[in-house]
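**Q** Fit chain B to the known structure of chain A by using the hints.
Spelled out, the chains give:
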Amino acid sequence: MCTVCGCGENNKHSHKHAHDHDYSQGVAGVHVAGLTQTRLVSIEQDILAKNNGYADANRGYFSRHGILTLNLVSSPGAGKTTLLTKTIQALNGAFPMSVIEGDQQTANDAERIRATGVKAVQINTGKGCHLDAHMIGHAMDDLKLKDKSLLFIENVGNLVCPAAFDLGEAHKVVILSTPEGEDKPLKYPDMFHAADLMILNKIDLLPYLDFDVQACINHARRVNPAIKVLQLSASTGHGMDHWLHWIKASRELSLIGRQITAAA
Amino acid sequence: MHEISLCESIIETVCKEATLERFCRVKSIRLEIGRLSCVNPEAMFFAFNAVAKDTIADGAVLFIDAIPAKAWCKHCDADVEIMQRYDACPHCEYYPLEIKQGDAMRIKDMEVE
Numbered sequence: 457m458c459t460v461c462g463c464g465e466n467n468k469h470s471h472k473h474a475h476d477h478d479y480s481q482g483v484a485g486v487h488v489a490g491l492t493q494t495r496l497v498s499i500e501q502d503i504l505a506k507n508n509g510y511a512d513a514n515r516g517y518f519s520r521h522g523i524l525t526l527n528l529v530s531s532p533g534a535g536k537t538t539l540l541t542k543t544i545q546a547l548n549g550a551f552p553m554s555v556i557e558g559d560q561q562t563a564n565d566a567e568r569i570r571a572t573g574v575k576a577v578q579i580n581t582g583k584g585c586h587l588d589a590h591m592i593g594h595a596m597d598d599l600k601l602k603d604k605s606l607l608f609i610e611n612v613g614n615l616v617c618p619a620a621f622d623l624g625e626a627h628k629v630v631i632l633s634t635p636e637g638e639d640k641p642l643k644y645p646d647m648f649h650a651a652d653l654m655i656l657n658k659i660d661l662l663p664y665l666d667f668d669v670q671a672c673i674n675h676a677r678r679v680n681p682a683i684k685v686l687q688l689s690a691s692t693g694h695g696m697d698h699w700l701h702w703i704k705a706s707r708e709l710s711l712i713g714r715q716i717t718a719a720a
Numbered sequence: 013m014h015e016i017s018l019c020e021s022i023i024e025t026v027c028k029e030a031t032l033e034r035f036c037r038v039k040s041i042r043l044e045i046g047r048l049s050c051v052n053p054e055a056m057f058f059a060f061n062a063v064a065k066d067t068i069a070d071g072a073v074l075f076i077d078a079i080p081a082k083a084w085c086k087h088c089d090a091d092v093e094i095m096q097r098y099d100a101c102p103h104c105e106y107y108p109l110e111i112k113q114g115d116a117m118r119i120k121d122m123e124v125e
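From first to last, the protein sequence lines are chains A and B. Mapping of the first sequence onto the numbering used here: residues 457 to 720, in sequence order. Mapping of the second sequence onto the numbering used here: residues 13 to 125, in sequence order.
Only chain A is shown next, with the shape it has when bound in the complex:
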């Protein structure tokens, strides 16, 4: 394959024009390095390479300090903040915890978290529809994370964009509330594909809804055969014990075989 114009066996585009490979036909008439010439620069780089670089740095930090980071994603109103506040209360200081809150506007959610006594940083993305790994790096500086702690990231309520942005977390946890309908995993497959755990929230409302739990789980597994599913109601507390066990077990797993470097 020609590395200059990309034509050849792997070429997916066609040239309507004929062209040759003469590099001396620029405005200068001769090829002199540094002078204006039209040329092709090969990049071959992931568009998200920069974000992924920051995410790797975050992940390295979490690993060195034994920090379990969970990235909570859902559509707006699925109950992320209620789940978080109830989780923090239920864990009752079993280990150090902190929260990064992402929203387009307001510090309301961070205030709800701080009311539980846990340290929280609010990131307002303005017009942005997701958190990126660079924002998380700055928030980590503010939080001064403790070794062997638990960090929750509550992403911007959006089932589309946060799927693509690795923040360096151990797991994406997608929260789907029953009033949203059982076909969400098929409508937003990228998010359910990216998540390791799906929490089916607001199951206390099932008697009032036409929501087929098994169909929802089947849809999620169709997009992501390995996804784990928990059913709970954050507001009534039903099923919360399974979620707390999952967190504790994930934390234990993340610590196995790790040599924790004490924070400077």
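For the record, the hints were derived by calculation from the structure and aren't laboratory data. If you're wondering where the values come from, they're calculated on a predicted model, not measured in any experiment. A hint or two may mislead.
What the hints assert, rightly or not - With a cut-off of at most 35 angstroms between alpha-carbon atoms, the simulated DSBU-like pairs for lysine-lysine come out as follows:
| no. | chain 1 | residue 1 | chain 2 | residue 2 |
| --- | --- | --- | --- | --- |
| 1 | A | Lys684 | B | Lys86 |
| 2 | A | Lys506 | B | Lys65 |
| 3 | A | Lys684 | A | Lys604 |
| 4 | A | Lys704 | B | Lys112 |
| 5 | B | Lys65 | A | Lys643 |
**A** Frame of chain A, contents of chain B only:
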């Protein structure tokens, strides 16, 4: 909407390359976008024009090569083309399939002067 962030990332890469490769104008940029990636090409074209404004890529033409999504069906032991992440095998209707290609979002190359 995240197409704006992706375009900002592309422009940053372009500006970094401009210093390394010593060029001052970008005429075109070619991307490879997988069928299963979370990118809508129409939104990408729209966002690119807005984000490239007043940069060295202002006015550059964006080309998007669509990369088809391919998966392996363990029932047929065959590679098949799919349109959605949750598609069943077109031959035997088995699912889930093992996805092999279609997630990529890459900057392939660019024409500069």
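**Q** Taking the hints in turn, state whether each one holds.
**A** Going down the list of hints, with the structure as the test:
no., hint, in the structure
1, Lys684(A) with Lys86(B), "holds, 22 angstroms"
2, Lys506(A) with Lys65(B), "holds, 21 angstroms"
3, Lys684(A) with Lys604(A), "holds, 24 angstroms"
4, Lys704(A) with Lys112(B), "holds, 33 angstroms"
5, Lys65(B) with Lys643(A), "holds, 34 angstroms"
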